[in-house]
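Novice: Chains as they are written, first to last, in my numbering: chain A, 1 to 260; chain B, 261 to 520.
Calculated from the structure, these hints are not laboratory results.
Remember, it's a predicted structure, so these values are computed and weren't measured experimentally.
Virtual Cβ for every residue (Gly too), placed ideally from N, Cα, C.
Heads up, a few of these hints could be off.
To be clear about the criterion: a stretch of chain B counts as covered by chain A if any three or more of its residues have a C-beta under 8 Å from a C-beta of chain A, and this derived list gives those stretches [stated by the list, open to error]:
# : segment
1 : 292-305
2 : 415-428
3 : 495-502
From chain B, some residues computed to sit far from chain A (all C-beta separations above 10 Å) [as the list claims (entries may be wrong)]:
#  : residue
4  : Arg288
5  : Asp359
6  : His384
7  : Leu464
8  : Leu467
9  : Glu470
10 : Ala485
11 : Arg505
12 : Ile514
Number of protein chains: 2
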Amino acid sequence: MLPEIQRERIDVVLVSPRNPLNIGAVARAMANFGFTQLTVVAPYEPHWREARSAVGAPELLANARETASLAEAVRNCTLVLGTGTLTHRKAEQPVVRLDNLAPLVAKALGSGKRIALVFGPEKHGLTREDLSFCHILVEIPTDPRQPSMNLGQAAAVGLYELATRVEPTDRSTLLEDRIHPGIATEEPQAAEKPAPTSGNLDILASLIEEVMVAAKYSPATMQEANRHDLRLMLRRLKLSAADGRRALGLFRRILWRLKR
Amino acid sequence: MLPEIQRERIDVVLVSPRNPLNIGAVARAMANFGFTQLTVVAPYEPHWREARSAVGAPELLANARETASLAEAVRNCTLVLGTGTLTHRKAEQPVVRLDNLAPLVAKALGSGKRIALVFGPEKHGLTREDLSFCHILVEIPTDPRQPSMNLGQAAAVGLYELATRVEPTDRSTLLEDRIHPGIATEEPQAAEKPAPTSGNLDILASLIEEVMVAAKYSPATMQEANRHDLRLMLRRLKLSAADGRRALGLFRRILWRLKR
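Could you build the full structure based on these sequences and the hints that come with them?
Specialist: What follows is the structure, given as structure tokens:
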């Protein structure tokens, strides 16, 4: 079982939920499995108010954070997990089945990361744009004939899995990963380096984009597509926080040169 | 992952569900995780009709079986799993945490058993009487501050666990249980004997009760309590089907003698 102090480092993020019953159901599943940190992105205000004032709503709903964008919601997280099914599209980031997720989350928590578990709107799930903020796409293994889950039930299943199957790690188990690399979910490293937060990656991405424009690297029509690919790439690279700072310094210097 | 043919040997049983939305949610979770066999016990008719006729209701809801009693619903099952939390009572049968359930279910399926996963009404869950038909009480490990789960979410979590964590067993893995008894969930046995169905146990229990009455074993005021204890005991004994037949023969003989 996951210790309480580590559950507090897992944010549940709902992107534009519509149905107040579903919001309530997610909050209830969080309370059932001992999670407390809820963020709601751009909710439909009347329904959001309704969910918060419902009779018997768990306290965590009253304390929920509200943000205008997903970027803002996950700013302080260093591992962002998107949820969804892949029936109608190809994933642009690594896909991990929910029942294989625990070792990866344990490792992230063990190295001090803050994690976000992101759920999309009821109707269509997370968009391609939303997913570009995610390091990993978590897939709940459902029947291909009925792949799409109800939001409250998907949250219950996801949180149950994290609560029961993530075993806390510490330095000694990180060492074990190096001895038995078969168990490791990432390449063994000399030491676990702190990773940049999602917000820091966004700052770097904006700067690189500015450089692209200044360098006339690509036509304006390509700007949106480049922004998307850049976001994905920066999350795939597994930069350390120090790498991020170095890249920031370099691109600032380049930009300054280009604009002279 | 659990093969489809084995999922068909797991019945989902809802005892007196009230809310049509919850019935629909359970059916949806079943469809998501590839389960097809739903039985509803003594439903509130108007709500049951409403749930079945809902737009987008999975096909399995139209094909659901309806019974008057839980005894009838689980008659053909040889392993009956009740669900619930233990906050306010002491269990009268073995309790297994949901995340430890898979090996036990795999073994039961491997020896040809039919299984029922039973959920109680929304308000109070399974009664003591309902639980006396269950071999095992399955507990979803929830936070003691908010232990009670929504019916649709509890079903989703339970079915996700069975679908992803039950690995099919065959003769060779049963053998392995004997070599590594630490893995086995029951005592290792010379061979896996067929178990009596819940219906056969009920027939035996009725007969023993008749014998008790004929023998003036206990006052009429104790009859209900004796019936309850008898039901629990017969499920705890792990009789083989042959043991059951032998006991039936003996008590028939005793009854015939007593009534002469």
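Novice: Which numbered hints are broken by the structure, listed smallest first?
Specialist: 3, 4, 5
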